[in-house]
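There are 2 protein chains.
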Amino acid sequence: MRLRLDLGYDGTDFAGWAMQPGQRTVEETLAEALGRVLRLDPAPRLVVAGRTDAGVHASGQVVHLDLPIESWQAFPGRSRRPREQELLVRLAGVLPPDLRVHRATLAPPGFEARFSAIRRRYAYRICDDPAGVPPLRRHDVLWHRRPLDVGLMTSAAATLMGLNDFAAFCKRRDGATTIRTLLTYRWERDDAGFVVATVVADAFCHSMVRALVGVVLPVGDGRRPVDWPAQVLLGAVRHPAVSVAPARGLVLEEVVYPDDDQLAVRAAESRTVRTLPSS
Amino acid sequence: MRLRLDLGYDGTDFAGWAMQPGQRTVEETLAEALGRVLRLDPAPRLVVAGRTDAGVHASGQVVHLDLPIESWQAFPGRSRRPREQELLVRLAGVLPPDLRVHRATLAPPGFEARFSAIRRRYAYRICDDPAGVPPLRRHDVLWHRRPLDVGLMTSAAATLMGLNDFAAFCKRRDGATTIRTLLTYRWERDDAGFVVATVVADAFCHSMVRALVGVVLPVGDGRRPVDWPAQVLLGAVRHPAVSVAPARGLVLEEVVYPDDDQLAVRAAESRTVRTLPSS
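Residue numbers (the numbering used here), protein chains in the order written: chain A, 148 to 426; chain B, 148 to 426.
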């Protein structure tokens, strides 16, 4: 049987999602805690919706794991709570405070955390106050010392939306496509005065969100014209003047799945390599 | 001449506001930074609106300091910015990231950070999700493992409002009154699902806000009846069953001052000891 977990983490002290020898990663920390609480040995293998980099945060990350039905039925020894609720409480007791599982549910048939997802939503937060970032938000808000023009940033961001080859903003990997559909990319100033990007795509390639932020920042502070990001996109190769924005400001906020009857179809679709309609 | 500074800090790694030998305090950290940036030796003496305890945060703390007019005129060597703005930028360069000065202004005549204040507003934030506090908010939100009834908490809080002797909720100090006017005390559930107290008074005595939170928490989770906090108040002595809520959830959010022409009058008033009308 398959469990779906919804989780959040402060990425500051994690070397990203993916397990790496000798590093503190979200994957290993969570797998160990699940192994301990559910008495699974070895610890379960986890499939994640969005493999976040070192320092990147999440408030709406999704994971699935498979476990023998006997292990689930044997859990917990004694409890008045439903199993899913009891799992949350026990995980809260063993996980470090920078990692929390907020929801546990039995996955519907066909559910696959990575391939069933139809889109991912990220937020990137920036404080452009020359006096600095309010201390209680310093872990998830980037400080930019020059004032930003949110209107210019949204205009520039809009030129990147749609089905494009995002090679200019991706680390190239052999055999992997860099074609994605950027569904939303806009900038707003929120009630706290932070400049916030909302970035939604069907999927992202490695460091793509932070490169999309990095290419628009110099438009916001007047160092580049509004049409510069579109020029970079058309170049289709990594541009040396585009800096990947720091991990600190980035949060994976939501992973969206289709209705239950579409889960398996979507997973099969996602596994096929994406290609441009013209190619 | 007198400067007013508006500041914020993450109290987690500070031993409170007030300078103590061998401890990292907000007062000492800020005074040293000001001494360095404004070239004042010795470092300036600071007067603060609210002396927060170890671990308590602030987003709207107010401080004043006096400095020789020549020091201010000599600052900064060269800058295109107004002096007040330049001070913020230079302080951001030398202060640690858990302490930020957000605004610097020349204080109007009669302004006194502590005694001119007419009220202080604190917020206390609690997460009652059995799964734990969202990791990015763990520094300023308390985890309470039992679900809280916000309606019961507000009903209980309302019985404490007004001009009262808060001796039951204060550390008694010889010669100091414990009579205060509690202007606002209410509980709400915010958009993030946190249970948040708003507490406003003309002034607070030591640990009073956290004791006011501590006496209402057991009402919220059903361990005490709604009228229990009022009974404790009437007792007028520290009650052994009232626990002072942890510092982590508490933020000094605002200090309110009267119009400029009332600043000096208010300061004189505040210096007189408060007494109950009936006594």
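Calculated from the structure, these hints are not laboratory results.
Keep in mind that this is a model prediction, so the values were computed, not measured.
Treat the hints with care, as some may be off.
As the list claims (entries may be wrong) - Away from chain B, derived, C-beta distances all over 10 Å, residues of chain A:
(1) Leu-246
(2) Arg-247
(3) Arg-250
(4) Pro-282
(5) Arg-285
(6) Thr-324
(7) Val-398
As the list claims (entries may be wrong) - Just some of the chain B residues that point at chain A, by a computed CB distance under 10 Å:
(8) Tyr-156
(9) Asp-157
(10) Gly-158
(11) Ser-206
(12) His-249
(13) Asp-276
(14) Ala-305
(15) Gly-309
Glycine included, C-beta positions come from ideal geometry on N, C-alpha and C.
Hint by hint, which ones does the structure fall short of?
-> Per hint list: 1, 2, 3, 4, 5, 7, 14 and 15 violated.
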